[in-house]
Amino acid sequence: MKIFGIPIFPEQASTFAADVDALYFFVLATCAFFAIGVAVAVIYFGIRYHKKHDGEIGARIEGSLPLELLWSVIPTIIAMVMFGWGASVFYHLRRPPAEAMHIYAVGKQWMWKFQHLEGQREINELHIPAGRPIKITISSEDVLHSLFFPAFRTKMDAIPGRYTELWFEAQTPGEYHIFCTEYCGTNHSGMIGTVKVLEPAQYQAWLQGGSMEGTLAQRGAKLFNDLACSTCHLDTGQGRGPSLKDILGKTVDLQDGSSAIVDEGYLRESILNSQAKIVKGFQPLMPTFQGLISEENLVALIEHLKSLSPNATTAAAPATGAAAATPQPAAAAVEKK
Amino acid sequence: MLDQLKMPARNYLNNGHGLASWLLTKDHKRIAIMYLISISVMFFLGGLFAVGIRLELATPAGDFVQAGTYNKFFTAHGVIMVFFFLIPSIPAVLGNFLIPPMIGAKDLAFPRINLISLYIYWIGGVFTLYAMLSGGVDTGWTFYTPYSATGSNSNVVPVALGIFIAGFSSILTGLNFIVTIHRMRAPGMTWFRLPLFVWAHYATSLVQVLGTPVIAITIVMLAVERGLGFGIFDPSRGGDPVLFQHLFWFYSHPAVYIMILPALGVQSELISTFSRKTIFGYSFVAFSSVAIAVFGFIVWAHHMFVSGISTYAAMVFSFLSFSVAIPSALKVFNWAATLYKGAISFETPMLYAYGFMGLFTIGGLTGLFLATLGMDIHLHDTYFVVAHFHYIMVGGAIMGYLGGLHFWWPKITGRMYSEFFSRIAAILVFVGFNLTFFPQFVVGYLGMPRRYHSYPDEMQVLNVLSSAGASVLGLGYLLPAIYLVWSLKKGEVAGPNPWGASGLEWQTQSPPLTENFVEVPIVDREPYEYEHVAAKEKHLV
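Top line first, the protein sequences correspond to chains A and B.
Heads up: the first sequence runs through residues 247 to 583, numbered per the working numbering.
Heads up: the second sequence runs through residues 2 to 542, numbered per the working numbering.
Watch out, some of these pointers could steer you wrong.
[As the list claims (entries may be wrong)] Keeping only pairs whose Cα atoms sit at most 30 Å apart, straight-line, the calculated DSSO-like set for lysine-lysine is:
1. K107(B) <-> K7(B)
2. K442(A) <-> K381(A)
3. K342(B) <-> K7(B)
4. K537(B) <-> K491(B)
5. K27(B) <-> K297(A)
6. K27(B) <-> K298(A)
7. K491(B) <-> K297(A)
8. K27(B) <-> K490(B)
9. K7(B) <-> K297(A)
10. K537(B) <-> K297(A)
11. K298(A) <-> K342(B)
12. K537(B) <-> K298(A)
13. K27(B) <-> K491(B)
14. K496(A) <-> K526(A)
[What the hints assert, rightly or not] Derived contacts from chain B toward chain A, CB cut-off under 7 Å, selection only:
15. G17
16. A62
17. F65
18. G69
19. Y145
20. I179
21. F285
22. S319
23. A326
24. A337
25. L447
26. G448
27. P450
28. H454
29. S455
[As the list claims (entries may be wrong)] Quick list of the computed label-pair ranges, beta carbon to beta carbon:
30. S284(B) <-> I507(A): 51 to 61 Å
31. K7(B) <-> H296(A): 44 to 54 Å
32. I539(A) <-> V225(B): 57 to 67 Å
33. L134(B) <-> I507(A): 31 to 41 Å
34. Q501(A) <-> F288(B): 34 to 44 Å
35. T60(B) <-> E371(A): 44 to 54 Å
36. G136(B) <-> G537(A): 25 to 35 Å
37. F288(B) <-> F279(A): 21 to 31 Å
38. A451(A) <-> D64(B): 50 to 60 Å
39. L453(A) <-> P61(B): 32 to 42 Å
40. D64(B) <-> K491(A): 28 to 38 Å
I should point out that these hints are in silico values taken from the structure, not numbers from a laboratory.
The beta carbon of each residue, even a glycine, is placed where N, CA and C say it ideally should be.
Chain B on its own, in the form it takes in the complex:
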């Protein structure tokens, strides 16, 4: 059947040629492609710093780079990965590309604002990278005062301002999605017919719009503290260094949900599609995204149990932190139940979805260890925390991103990649990830503090395992860069719906037209109905 397929003569990729047709486009799909290229560059750079970190930690002595350089490495790794890769990753690439066709729209509500948000991201990124190359910053991505205000001699303010700038990109994208989801749905696309991917992005967008201004304000406070000598965080002038932590985590804890919620949305699409079965407990999965977004705003001080907050404040925040676990657990149970009596197959995106289930579950459950007060006192700021959040952000968010990218790649480019190599890569990522980060739970409970340039000899074996795993993981990440680019020219033509998926985005050609649909679709079905997809396939045959 595949050899009958041809690339559509007219699509968004050949509608206009030359650089200007890209840089001045208002097409959400082209903007998404430019985001894809940009964040891939950022991911590569952030990864290079991770290589530096793992090389240093292969031996207990600090002998690969000097301490100051090492500190700049992990700061650069954190800043680039969090603010310039993870936060924009799924929303700005997959969300941007897919939300309009998923809801039957021609574009986002504000196409120009969408393009502006990309330019703001670029400006913020260039600003930050320049500040890092011209000296770097050594505060860690958390910028804790008073070290960031008075202790550090590095480029704190320029890097922080780059993050400040990029924040507006995030706010505008969130705003655009919220308005689009409210106002641009096709006739018949009710709220409860929205794909769960869209629900997850709606929840994410709320966090982006409400949370990001707080980090912007915090950065301004840090800049005036450092640049103009204000005493906001300086105890010798009546300020309080711990205040910074409250403000920072008020954004940066919800920011974790900016990173993971979209991946949860991808996961729901993958699980349903590759088991050819409607999602179990649709409304519970949908509302759990919103619940996670809301609860995410009231747990920030669980990062501060040993920061001098009172015993009772710590208890309140511990209690609230457990509340986030419930909607997260609910999602995992519903995905597992979706598989029951499905018609399951294991194409590459489903391998990522299975990997995601394992890693997200471990990442979520180890969060319980940290929310448990008596234990967090021991675990706080050790490698246990590093392992936990990498299970969420790398095991969760990046697995979700890669799963989604492989799933929608034929939609985005119109072509298939090598199934063989992509499965190999998915397995390498899973194995390499666990080898890298599982030993860190052990070495963390053993007491190894994070951000250590050198460490006691008895912890070497676990660190070597971790460094070895990182090289496998790195290989798993490099492979897709090769076979995905290869597929652009040589890949088989995919056709509109190679997976037999049910979403509206699969009803249009691949790659889609600039306006997504020939005529505005009218939605008369519930989401995730595979009966009609099967009927259509049969009809085609």
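The following block holds chain A by itself, in its conformation from the complex:
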């Protein structure tokens, strides 16, 4: 929306935008009602009961319990409506549909790097198709960042050491801002980009024109060999490390008697900090890769590992889900040895 050519309201380019804006206008109208009501009352009283002569004093009115109850209970009810409505929009925002297209984002001082499963990699630019839910898994190479799409009304922090995620479904083809909204140092305001929403056919064409590096999982498979993961993690289960076939979403028993669910967070921790969780029956032989592998390569490796579990139905939820409330150290472990 524009006034005299000046935008005063952001474009609605995702399915969330209308939901969030409806909530916004409800809260705005409610608040305007109360603010104007108070303003009218105090201005009216100021005029109507203006002091007329020296020594005049006001009426002695100590208070009124019914009024106090009235103006406690009514705002409480209204606040609960706001809370409930806001929570339901939020819940929707936090629950990516299972069929969502998956993209990885890495925040780094001061750029956003995006990786598509098909292999395309972009910096400060993101091409996506309209009309398809898209889930972005976010990580950070260094400090906190926050990936913000104002036209989609959503954002999520990038936190070093763990995965977070957001999702949206873009509706209107066009170009929109990407901002970093968590202060991240000197060029924080330079950490911006453009999201290009394309018609599905155009998006397919864009994908065709991409790099020749192969898919993200194929890059991961190459890394799996280059880093010598494949020498221990044999598919047969006879290697020095556990087989990684069909483990996604499964529960593994650990050396210390506990168990862990294999998700992206678990795989991440198991690669970076391999001693954290040792699968029962294996020795802690695996080196730690903390500092030796970039976030982008890590993502490729995890994508490869996920491709070894073709039958897993749920792409395990990253750390934004209910399970990750507590400040538990980064992730879960690996079956390393």
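Based on the hints, put chain B in the right spot on chain A.
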């Protein structure tokens, strides 16, 4: 009548001359004056940085200063304004000066501790200012890890230690007030005869005493993380950067109430005095201060809805955040009801009180937008948040401070300032404030992130409005510095009770004696009874 008035021959200002009589004083009123001068200097410095920020944002490109310098500007602005101006402002100046005479006491319970707290504030302030001048710090006043721990090359630890030191000043002041309010009340001054200003300070003091140690501990953790290489917040060593946010906001959210609660107390005094009417719903207003202080401790994670906390934790904190809105709304409704059938006049303090009602209401209501989960995801860390908290802290706390300063100035100095210029200043502050910060709500919803050194071109008009408003606001703040100082020599003699106010502090001479009262007053009335004030005025005439 005024020309009959004379400055009292003996008062706290002429009881002792020379620098030592000030620096070694145990008189809460003189300590308050020294705080007033100190925080005014800090306000000026913090304001200078705000000028730098608004100049930079007048154009979309980052062309006034470099990005690193800009980051140091907004950090310095935030640190100085929050820790060295807003937190001490009303409590250490007005609270210090007024709580003893309001409750019929000669001084605070611990006069020496009061003086020590001033010295601690000075040491912390000098430490922080030195660290800022010798290189500055670029983390923002929030010091989020891991940037503050490993990313930033600036003076993080020295500045944080300055805040650490100043925190003890805040704790000691709070402790002093709590003990004073419990133990030093004059005969007959029951809890429910206390002015609401005192209730608000009691609630504030609880937050200061219980909350400030947490920020102190957090700063120590940050210092050992940065200086000694601990891994508390470092994920590569099993630490968690988000833990810092929990600890930081566990103090810094309640700290918002340290800043605003005293202003709510001032507001109650102003509304009652200038409508010559007892406050509507005294006990509701009194307890709402305590409720705000208590609820304030259980809402901190609403600063972290996109920081990786779980969906359900976010819902709990959203729900709790709405609970703070209720006692705040209750206060506004009670003030409005107090005006009903009052005898209202609009001297300068009342102009500030009216301005406060508008700005605090907008500031409070926009808090609802941010507590509403689905919307906060969009609004978080945008200029909407910047506008919201400036409506509370500048529109609320500073309006309250200026209103209170104008109200009690004749009590503090014994003289009146220019009514004409002070009204002009009050109006300039109100207009300039809205022009500065209202456009920021719009540009925030549009998506402009906070702490941006440059921004997209289409957002320029709103930013220019904001910068223009800031210059009006700045003028509104400079005027009082001139006419208040002028009044010290040239102002009309005020007399003990120029406003016809009902509080005990107005029963003694202006400026008061060092021991406040000639003899210990005995309180036999409810607060805010104007019948006897009117009777006394009539008697005088």
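Next on the checklist: Can you confirm whether the C-alpha distance between K27(B) and K298(A) stays at or below 30 Å?
Outcome noted: Given pair K27(B), K298(A) is violated - Cα atoms ~44 Å apart, limit 30 Å.
Checklist entry - Close enough to count: is the Cβ of G17(B) nearer than 7 Å to one in chain A? => result violated, 38 Å
Checklist entry - Does the alpha-carbon distance linking K27(B) and K297(A) stay inside the 30 Å limit? => result violated, 41 Å
Item to check | Range hint compliance [Cβ, L134(B) to I507(A), 31 to 41 Å] | outcome: violated, 53 Å
Checklist entry - Measuring from the C-beta of S319(B) to each C-beta in chain A, is the shortest one below 7 Å? => result Since the shortest Cβ distance to chain A is 6 Å, the answer is holds.
Next on the checklist: For the restraint on G69(B), tell me whether the closest CB of chain A is nearer than 7 Å.
Outcome noted: Constraint on G69(B) satisfied, holds at 5 Å.
Checklist entry - Under the criterion of a CB-CB separation shorter than 7 Å, is A326(B) in contact with chain A as hinted? => result holds, 6 Å
Item to check | 30 Å Cα cutoff - pair K27(B), K491(B) | outcome: The hint holds at about 28 Å.
Checklist entry - Taking only the CA atoms, is the gap from K7(B) to K297(A) under or equal to 30 Å? => result Roughly 28 Å between the alpha carbons, so the hint for K7(B) and K297(A) holds.
Item to check | Status of the given 51 to 61 Å range, CB of I507(A) versus CB of S284(B) | outcome: Holds - the Cβ-Cβ distance for S284(B) and I507(A), about 53 Å, lies within 51 to 61 Å.
Checklist entry - Regarding the pair K442(A) and K381(A), is the alpha-carbon distance no greater than 30 Å? => result holds, 16 Å
Next on the checklist: What's the verdict on K537(B) and K491(B), does the C-alpha distance respect the 30 Å limit or exceed it?
Outcome noted: holds, 28 Å
Hint compliance for this structure: hints 3, 5, 6, 15, 16, 17, 20, 31, 32, 33, 34, 35, 38 and 40 are broken, all remaining hints hold.
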